[in-house]
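What follows is each chain in one-letter form.
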Amino acid sequence: MLSPDPEILGRIILIQSTLHLMGQGSEMARFLCRGFCRVPGMEISGIFIDGCLHWENGSPDPGPEHCRRLFEQLTGAAGQGPGRKALLNGFKRTHGVQCLPIETALAVYGIFFCAPADEEMFFSYAPYIENTLNLAALVLENHSQQQMLWQHKSELEKKVKERTRELARSEQRFRDLFNSISDLVYTQDLEGRLISANPALHRLFGYRPEELLGRPISDFMLPEHRDRFESEYLKALLEKGSYEGITPYLAKDGSTIYIEYRSELVRPENDAPFISGIGRDVTGRVLARREKRRLEGQIRQAQKMESIGTLSGGVAHDFNNVLSIIIGNAELAAGELAENHRARPYVNEIQTAGVRAKDVVRQLLTFSRKTREEKQAVDLCMLVGEALKLLRPVIAANIEIRTCLPKQPAVVSADPTQIHQVLINLCGNAADAMAESGGVLAVSLAVAQINDENTALDPDMGAGRFFRLAVKDTGHGIAAKSLERIFDPYFTTKDVDKGTGLGLSVVHGIVKSHGGSIRVRSQPGQGCEFEILLPAAEKNAEAVLAQTGNVPRGQGHILLIDDEPMIVSLNQQRLERLGYRVSGHTNPRPALEMFSSDPYGFDLVITDMTMPGITGDRLAEKILEIRPEMKIILCTGYNSQISDQTAASLGIARYLEKPVQMQQLAETVCDVLSVSDN
Amino acid sequence: MAGKTRKVSLGVADEPFDEGRHIIYVYSDDAERKKTMARFFRQGLVENDRLLYMVDDISSAEMVKELQELGVDADARINDFDLCPGHYACCPDAYFSAEFMLGVVARYYQSAMEQGYAGARGIGEMSWALVENRAQLEDLLVYEARLNRVLQNHPLTTVCQYDAKRFDPAVIMDMLTIHPLMIVRGQLVKNPGFMEPERFLEKYRSQDNKGHA
Numbered sequence: 001m002l003s004p005d006p007e008i009l010g011r012i013i014l015i016q017s018t019l020h021l022m023g024q025g026s027e028m029a030r031f032l033c034r035g036f037c038r039v040p041g042m043e044i045s046g047i048f049i050d051g052c053l054h055w056e057n058g059s060p061d062p063g064p065e066h067c068r069r070l071f072e073q074l075t076g077a078a079g080q081g082p083g084r085k086a087l088l089n090g091f092k093r094t095h096g097v098q099c100l101p102i103e104t105a106l107a108v109y110g111i112f113f114c115a116p117a118d119e120e121m122f123f124s125y126a127p128y129i130e131n132t133l134n135l136a137a138l139v140l141e142n143h144s145q146q147q148m149l150w151q152h153k154s155e156l157e158k159k160v161k162e163r164t165r166e167l168a169r170s171e172q173r174f175r176d177l178f179n180s181i182s183d184l185v186y187t188q189d190l191e192g193r194l195i196s197a198n199p200a201l202h203r204l205f206g207y208r209p210e211e212l213l214g215r216p217i218s219d220f221m222l223p224e225h226r227d228r229f230e231s232e233y234l235k236a237l238l239e240k241g242s243y244e245g246i247t248p249y250l251a252k253d254g255s256t257i258y259i260e261y262r263s264e265l266v267r268p269e270n271d272a273p274f275i276s277g278i279g280r281d282v283t284g285r286v287l288a289r290r291e292k293r294r295l296e297g298q299i300r301q302a303q304k305m306e307s308i309g310t311l312s313g314g315v316a317h318d319f320n321n322v323l324s325i326i327i328g329n330a331e332l333a334a335g336e337l338a339e340n341h342r343a344r345p346y347v348n349e350i351q352t353a354g355v356r357a358k359d360v361v362r363q364l365l366t367f368s369r370k371t372r373e374e375k376q377a378v379d380l381c382m383l384v385g386e387a388l389k390l391l392r393p394v395i396a397a398n399i400e401i402r403t404c405l406p407k408q409p410a411v412v413s414a415d416p417t418q419i420h421q422v423l424i425n426l427c428g429n430a431a432d433a434m435a436e437s438g439g440v441l442a443v444s445l446a447v448a449q450i451n452d453e454n455t456a457l458d459p460d461m462g463a464g465r466f467f468r469l470a471v472k473d474t475g476h477g478i479a480a481k482s483l484e485r486i487f488d489p490y491f492t493t494k495d496v497d498k499g500t501g502l503g504l505s506v507v508h509g510i511v512k513s514h515g516g517s518i519r520v521r522s523q524p525g526q527g528c529e530f531e532i533l534l535p536a537a538e539k540n541a542e543a544v545l546a547q548t549g550n551v552p553r554g555q556g557h558i559l560l561i562d563d564e565p566m567i568v569s570l571n572q573q574r575l576e577r578l579g580y581r582v583s584g585h586t587n588p589r590p591a592l593e594m595f596s597s598d599p600y601g602f603d604l605v606i607t608d609m610t611m612p613g614i615t616g617d618r619l620a621e622k623i624l625e626i627r628p629e630m631k632i633i634l635c636t637g638y639n640s641q642i643s644d645q646t647a648a649s650l651g652i653a654r655y656l657e658k659p660v661q662m663q664q665l666a667e668t669v670c671d672v673l674s675v676s677d678n
Numbered sequence: 679m680a681g682k683t684r685k686v687s688l689g690v691a692d693e694p695f696d697e698g699r700h701i702i703y704v705y706s707d708d709a710e711r712k713k714t715m716a717r718f719f720r721q722g723l724v725e726n727d728r729l730l731y732m733v734d735d736i737s738s739a740e741m742v743k744e745l746q747e748l749g750v751d752a753d754a755r756i757n758d759f760d761l762c763p764g765h766y767a768c769c770p771d772a773y774f775s776a777e778f779m780l781g782v783v784a785r786y787y788q789s790a791m792e793q794g795y796a797g798a799r800g801i802g803e804m805s806w807a808l809v810e811n812r813a814q815l816e817d818l819l820v821y822e823a824r825l826n827r828v829l830q831n832h833p834l835t836t837v838c839q840y841d842a843k844r845f846d847p848a849v850i851m852d853m854l855t856i857h858p859l860m861i862v863r864g865q866l867v868k869n870p871g872f873m874e875p876e877r878f879l880e881k882y883r884s885q886d887n888k889g890h891a
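Which chain is which? The protein sequence lines are D and P, in order.
Under my numbering, the first residue of the first sequence carries the number 1, and numbering increases by one thereafter.
Under my numbering, the first residue of the second sequence carries the number 679, and numbering increases by one thereafter.
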């Protein structure tokens with residue numbers, strides 16, 4: 001055998017060393033053909049790779065179809081085992097070309113076709129060529145595997161990209177949800193610092209994200225709730241894993257916002273635990289509920305007052321009848337006693353106590369708004385004296401009462417019962433404030449001239465002459481926060497069974513209804529002072545004093561009707577002492593018959609309102625039907641439906657509330673009859 | 679011109695080689711190419727060589743960035759580099775001129791010497807030749823074949839880069855034949871199929887004529 005040419009061998013080695021760079025089968029086929037074309041003693045017919053026969057100058061040409069068939073046979077069953085050699089030799093015989101498979105142990109990748117021109121020379125190179133073709137097969141196999149790997153990788157990357165896109169879309173959806181949701185969504189670290197918060201939370205608090213994030217949410221709580229943040233909120237989350245509730249927070253603008261929330265502890269597998277939560281602004285709901293509770297309380301209280309009013313109205317009627325008898329008889333008794341009689345002070349006390357009891361009934365009715373204001377010129381000094389006289393026995397002995405009152409009467413136009421109520425309330429509160437430690441209750445009254453420079457307590461008040469009534473104590477005082485609400489209805493700092501919260505509200509209402517104003521000054525531990533300004537009355541003190549002058553007397557025939565015999569008896573005696581002739585009746589029907597039989601025999605009719613059979617107003621109607629110009633005075637223990645106006649509309653001359661005192665009775669009868677005379 | 683032959687480390691072989699070697703680097707993996715190029719230039723800076731880098735596909739700034747990323751301090755040593763598109767040096771009138779290009783090689787080496795460099799080395803990416811009508815294959819073969827002679831007097835160590843994915847395998851086969859050294863998988867080796875340029879051209883022309891006959 002001939003020795004191979006070193007130059008050709010070097011070229012074959014060059015092919016071997018660079019085969020790996022040929023990525024595709026077609027490139028490799030042409031590369032091999034180009035490399036082997038100078039191998040002496042053979043003609044290359046071509047290389048069949050990737051289903052094509054390469055090397056266009058190949059001769060003799062085995063024909064692409066034949067090559068393809070051979071390739072299929074080699075890769076099929078016919079190419080296995082001993083039949084393989086016969087297959088290749090058969091092809092050589094029929095086509096005149098040598099067939100060298102390009103194959104590895106795993107697969108056939110192609111076939112190298114050549115026609116040996118000089119078989120001896122060719123066979124000296126054949127082992128190198130076969131070796132190179134085997135190497136080419138390995139490179140192709142490697143490329144194929146790489147291709148598969150690349151495809152697999154590419155598919156994986158595609159899937160990863162799709163998943164990443166899906167994840168990004170999903171995250172975006174959640175982000176959009178997070179950003180658009182109107183509820184509050186947040187995460188916190190285990191110390192309660194905000195890690196994230198959605199725009200709804202920023203908007204609600206009024207802070208920018210950078211002002212909120214990184215700060216514990218307790219920074220935005222009302223100070224009185226901050227202690228509970230660690231002791232309750234964080235503790236419960238760490239121990240129980242969740243916490244829910246409603247907590248008030250402070251927004252940036254200072255307003256209080258109520259947030260209902262639920263927080264949960266999240267423990268991710270590969271990350272630090274954190275708190276996740278969702279909340280909702282329930283400020284409107286909380287305030288509405290609070291307002292509803294307040295209104296319900298008011299309604300309950302109003303209903304209670306209504307019940308008390310109804311009850312007290314009924315009691316007042318009977319009670320006033322009794323008082324009428326006591327007061328009236330005491331007056332009659334006093335009239336019978338000499339000025340220096342030993343029993344006279346006792347009788348006077350009975351009269352005073354009767355009047356006081358009458359006021360008590362009146363206060364009861366005032367409190368339940370069942371009576372009308374009756375403003376008249378009254379002396380505040382006298383009212384202060386009376387109130388303190390009433391209070392002294394019920395105020396603790398360790399409280400000293402000091403008064404500073406003007407020597408001249410302080411006359412105001414007021415309902416004395418209501419002013420009395422004001423004084424009782426203020427002084428009673430002051431006494432309560434000093435109940436434990438004792439102290440000084442100071443009540444002072446002075447003239448105050450209010451002008452434009454000297455601002456009144458209430459800016460709505462005009463300039464003028466006022467009386468300044470001050471009630472001051474040395475008790476525990478009132479906190480600033482409570483002072484703001486002290487005149488609110490039902491606001492009280494007292495225990496549940498100690499106060500209704502209505503006292504100061506009623507005081508405020510009374511003072512305002514009298515054209516006055518009220519102010520309170522206090523500091524915790526330094527007592528409290530209420531200051532009231534009431535407009536001075538135009539009527540002077542003499543006018544007030546003149547009210548209690550001589551009892552007027554008169555003449556005439558009076559028809560007196562009351563279902564209570566003692567009242568009839570009492571008033572009959574009173575009127576007869578005043579000079580009148582009286583026909584008394586306890587049953588209205590005989591009285592009406594008597595009047596019918598002689599309507600012009602009477603000058604005046606005085607009738608009770610509430611009587612069995614026929615009421616006072618109905619009786620009056622019947623009398624007026626008989627004699628329209630007849631003068632009638634209607635008396636009642638209590639009747640919310642009758643007032644001076646309604647009485648006048650019925651044609652009734654005057655309306656009197658029981659118990660009627662002698663002076664009042666005498667003046668009223670005298671007035672009515674004198675008008676009649678005129 | 680050259681006196682005693684200088685031996686230099688090329689960064690792609692363990693042992694030093696005589697300077698002025700003509701090397702072919704056929705590559706199909708760009709990452710491997712960059713690493714090889716970086717080693718070649720890094721060693722050039724060590725050897726105090728002037729460095730020529732001709733590539734068409736990227737700008738000079740990108741070349742510097744690429745070299746920096748590969749650990750070649752091209753930014754600090756920018757004065758030691760000559761970065762230019764390959765067709766600027768090879769195609770003065772839009773067409774490849776072997777004569778002109780050989781002159782460029784000789785002048786570049788001479789200039790490096792005059793500037794005091796110990797030597798010069800360069801990498802030329804040959805993809806510029808793929809642009810249609812820019813160069814004839816035979817002109818390229820003539821250039822590569824004659825360059826071996828030029829380098830004997832102007833020993834600019836030269837690496838000709840051929841992208842196996844872009845050049846025809848037959849062209850690569852021919853180019854491989856006329857380079858005495860080749861870089862295979864990042865390693866410099868002697869070319870076992872090297873053929874003396876004149877002989878190759880003779881065979882090439884005779885076969886080419888046979889092919890066209």
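FYI, nobody ran anything at the bench for these hints, they're computed from the structure.
Heads up, some of the hints might be wrong.
Unchecked claim - Cβ pair distances, simulated, as ranges:
id: 1; chain 1: P; residue 1: Ala754; chain 2: D; residue 2: Gly241; range: 31 to 41 Å
id: 2; chain 1: D; residue 1: Gln146; chain 2: P; residue 2: Lys868; range: 21 to 31 Å
id: 3; chain 1: P; residue 1: Ala754; chain 2: D; residue 2: Pro4; range: 46 to 56 Å
id: 4; chain 1: P; residue 1: Ala784; chain 2: D; residue 2: Leu149; range: 23 to 33 Å
id: 5; chain 1: P; residue 1: Asp753; chain 2: D; residue 2: Glu230; range: 32 to 42 Å
id: 6; chain 1: P; residue 1: Gly864; chain 2: D; residue 2: Gln146; range: 32 to 42 Å
What the hints assert, rightly or not - Using 30 Å as the maximum straight-line C-alpha spacing, the simulated DSS-like pairs for lysine-lysine come out as follows:
id: 7; chain 1: D; residue 1: Lys481; chain 2: D; residue 2: Lys292
id: 8; chain 1: D; residue 1: Lys153; chain 2: P; residue 2: Lys685
id: 9; chain 1: D; residue 1: Lys512; chain 2: D; residue 2: Lys375
id: 10; chain 1: D; residue 1: Lys158; chain 2: P; residue 2: Lys713
id: 11; chain 1: P; residue 1: Lys712; chain 2: P; residue 2: Lys743
id: 12; chain 1: P; residue 1: Lys881; chain 2: D; residue 2: Lys153
id: 13; chain 1: P; residue 1: Lys843; chain 2: D; residue 2: Lys153
id: 14; chain 1: P; residue 1: Lys712; chain 2: D; residue 2: Lys158
id: 15; chain 1: P; residue 1: Lys685; chain 2: P; residue 2: Lys713
id: 16; chain 1: P; residue 1: Lys868; chain 2: P; residue 2: Lys881
id: 17; chain 1: D; residue 1: Lys252; chain 2: D; residue 2: Lys481
id: 18; chain 1: P; residue 1: Lys712; chain 2: D; residue 2: Lys161
id: 19; chain 1: P; residue 1: Lys712; chain 2: P; residue 2: Lys843
id: 20; chain 1: D; residue 1: Lys252; chain 2: D; residue 2: Lys235
id: 21; chain 1: D; residue 1: Lys407; chain 2: D; residue 2: Lys375
id: 22; chain 1: P; residue 1: Lys868; chain 2: P; residue 2: Lys712
id: 23; chain 1: P; residue 1: Lys881; chain 2: P; residue 2: Lys843
id: 24; chain 1: D; residue 1: Lys512; chain 2: D; residue 2: Lys407
id: 25; chain 1: P; residue 1: Lys713; chain 2: P; residue 2: Lys868
id: 26; chain 1: P; residue 1: Lys712; chain 2: P; residue 2: Lys685
id: 27; chain 1: P; residue 1: Lys868; chain 2: P; residue 2: Lys685
id: 28; chain 1: D; residue 1: Lys389; chain 2: D; residue 2: Lys375
id: 29; chain 1: P; residue 1: Lys868; chain 2: P; residue 2: Lys843
id: 30; chain 1: D; residue 1: Lys512; chain 2: D; residue 2: Lys481
id: 31; chain 1: P; residue 1: Lys868; chain 2: D; residue 2: Lys161
id: 32; chain 1: D; residue 1: Lys158; chain 2: P; residue 2: Lys843
id: 33; chain 1: P; residue 1: Lys743; chain 2: P; residue 2: Lys843
id: 34; chain 1: P; residue 1: Lys843; chain 2: D; residue 2: Lys159
id: 35; chain 1: D; residue 1: Lys389; chain 2: D; residue 2: Lys512
id: 36; chain 1: D; residue 1: Lys161; chain 2: P; residue 2: Lys743
As the list claims (entries may be wrong) - Some residues of chain P that are not near chain D, with every Cβ distance over 12 Å (derived):
id: 37; residue: Gly689
id: 38; residue: Asn726
id: 39; residue: Glu810
id: 40; residue: Met860
Just so you know, these numbers come straight off a predicted model, no measurement behind them.
Just so you know, even glycine gets a beta-carbon here, dropped at the ideal spot from N, CA and C.
To see whether the hints hold, each was checked on the structure:
1. Between Ala754 of chain P and Gly241 of chain D the C-beta distance comes to about 59 Å, which lies outside the given range of 31 to 41 Å.
2. Judged by the Cβ atoms, the range 21 to 31 Å given for Gln146 of chain D and Lys868 of chain P holds: they are separated by roughly 29 Å.
3. Between Ala754 of chain P and Pro4 of chain D the Cβ separation comes to about 53 Å, which falls inside the hinted range of 46 to 56 Å.
4. At roughly 47 Å, the beta-carbon separation of Ala784 of chain P and Leu149 of chain D lies outside the given 23 to 33 Å, and the hint is violated.
5. Separated by about 56 Å at the C-beta atoms, Asp753 of chain P and Glu230 of chain D break the suggested range of 32 to 42 Å.
6. Remark: the range hint 32 to 42 Å for Gly864 of chain P to Gln146 of chain D is contradicted by a beta-carbon distance near 18 Å.
7. A distance of roughly 22 Å separates the Cα atoms of Lys481 of chain D and Lys292 of chain D; the hinted pair therefore holds under the 30 Å criterion.
8. Restraint check for Lys153 of chain D and Lys685 of chain P: not satisfied, since their Cα atoms lie roughly 45 Å apart, outside the 30 Å limit.
9. Restraint check for Lys512 of chain D and Lys375 of chain D: satisfied, since their Cα atoms lie roughly 14 Å apart, inside the 30 Å limit.
10. For the hint pairing Lys158 of chain D with Lys713 of chain P, the CA-to-CA distance comes to about 29 Å; that is within 30 Å, so the pair holds.
11. In summary, the hint linking Lys712 of chain P to Lys743 of chain P is supported, as the alpha carbons are separated by about 12 Å, within the 30 Å threshold.
12. Our distance criterion of 30 Å between C-alpha atoms is broken by Lys881 of chain P and Lys153 of chain D, whose separation comes to about 46 Å.
13. The straight-line distance between the Cα atoms of Lys843 of chain P and Lys153 of chain D is roughly 21 Å, inside the 30 Å bound, and the hint therefore holds.
14. Straight-line distance between C-alpha atoms of Lys712 of chain P and Lys158 of chain D comes to about 27 Å, which keeps the hinted pair within the 30 Å bound.
15. Of the pairs offered as hints, the one joining Lys685 of chain P and Lys713 of chain P holds, with about 23 Å between alpha carbons and a cut-off of 30 Å not exceeded.
16. As the CA atoms of Lys868 of chain P and Lys881 of chain P are separated by approximately 22 Å, the hinted pair is consistent with the 30 Å bound.
17. Simply put, Lys252 of chain D and Lys481 of chain D have alpha-carbon atoms about 22 Å apart, close enough for the 30 Å limit, and the pair holds.
18. With a C-alpha separation of about 28 Å, the suggested pairing of Lys712 of chain P with Lys161 of chain D holds against the 30 Å cut-off.
19. The straight-line distance between the Cα atoms of Lys712 of chain P and Lys843 of chain P is roughly 16 Å, inside the 30 Å bound, and the hint therefore holds.
20. Restraint check: the Cα-Cα separation between Lys252 of chain D and Lys235 of chain D comes to about 27 Å, which is no more than 30 Å; the hinted pair holds.
21. The straight-line distance between the Cα atoms of Lys407 of chain D and Lys375 of chain D is roughly 23 Å, inside the 30 Å bound, and the hint therefore holds.
22. Restraint check for Lys868 of chain P and Lys712 of chain P: satisfied, since their Cα atoms lie roughly 21 Å apart, inside the 30 Å limit.
23. Pair hint Lys881 of chain P plus Lys843 of chain P holds up; C-alpha atoms about 26 Å apart against a cutoff of 30 Å.
24. A hinted pair counts as satisfied when its Cα atoms are at most 30 Å apart, and Lys512 of chain D with Lys407 of chain D qualifies at roughly 26 Å.
25. In summary, the hint linking Lys713 of chain P to Lys868 of chain P is supported, as the alpha carbons are separated by about 20 Å, within the 30 Å threshold.
26. At roughly 24 Å between alpha-carbon atoms, Lys712 of chain P and Lys685 of chain P fall within 30 Å of each other, so this suggested pair holds.
27. With a C-alpha separation of about 16 Å, the suggested pairing of Lys868 of chain P with Lys685 of chain P holds against the 30 Å cut-off.
28. Straight-line distance between C-alpha atoms of Lys389 of chain D and Lys375 of chain D comes to about 23 Å, which keeps the hinted pair within the 30 Å bound.
29. Between Lys868 of chain P and Lys843 of chain P, the direct Cα distance comes to roughly 23 Å. Compliance with the 30 Å bound is thereby established for this hinted pair.
30. For the hint pairing Lys512 of chain D with Lys481 of chain D, the CA-to-CA distance comes to about 23 Å; that is within 30 Å, so the pair holds.
31. Distance check on the hinted pair: Lys868 of chain P and Lys161 of chain D sit about 45 Å apart at the alpha-carbon level, beyond 30 Å; violated.
32. Simply put, Lys158 of chain D and Lys843 of chain P have alpha-carbon atoms about 25 Å apart, close enough for the 30 Å limit, and the pair holds.
33. A hinted pair counts as satisfied when its Cα atoms are at most 30 Å apart, and Lys743 of chain P with Lys843 of chain P qualifies at roughly 25 Å.
34. At roughly 28 Å between alpha-carbon atoms, Lys843 of chain P and Lys159 of chain D fall within 30 Å of each other, so this suggested pair holds.
35. Our distance criterion of 30 Å between C-alpha atoms is met by Lys389 of chain D and Lys512 of chain D, whose separation comes to about 26 Å.
36. Distance check on the hinted pair: Lys161 of chain D and Lys743 of chain P sit about 29 Å apart at the alpha-carbon level, within 30 Å; holds.
37. Consistency note on Gly689 of chain P: stated as away from chain D, and its beta-carbon is indeed over 12 Å from all of that chain's, at 20 Å minimum.
38. No beta-carbon of chain D is positioned within 12 Å of the beta-carbon of Asn726 of chain P; the least distance is around 32 Å.
39. For Glu810 of chain P, the requirement that its beta carbon stay farther than 12 Å from each beta carbon of chain D is met, with the minimum near 20 Å.
40. Not every CB of chain D lies more than 12 Å from the CB of Met860 of chain P, the least distance being 7 Å, so the non-interface label is violated.
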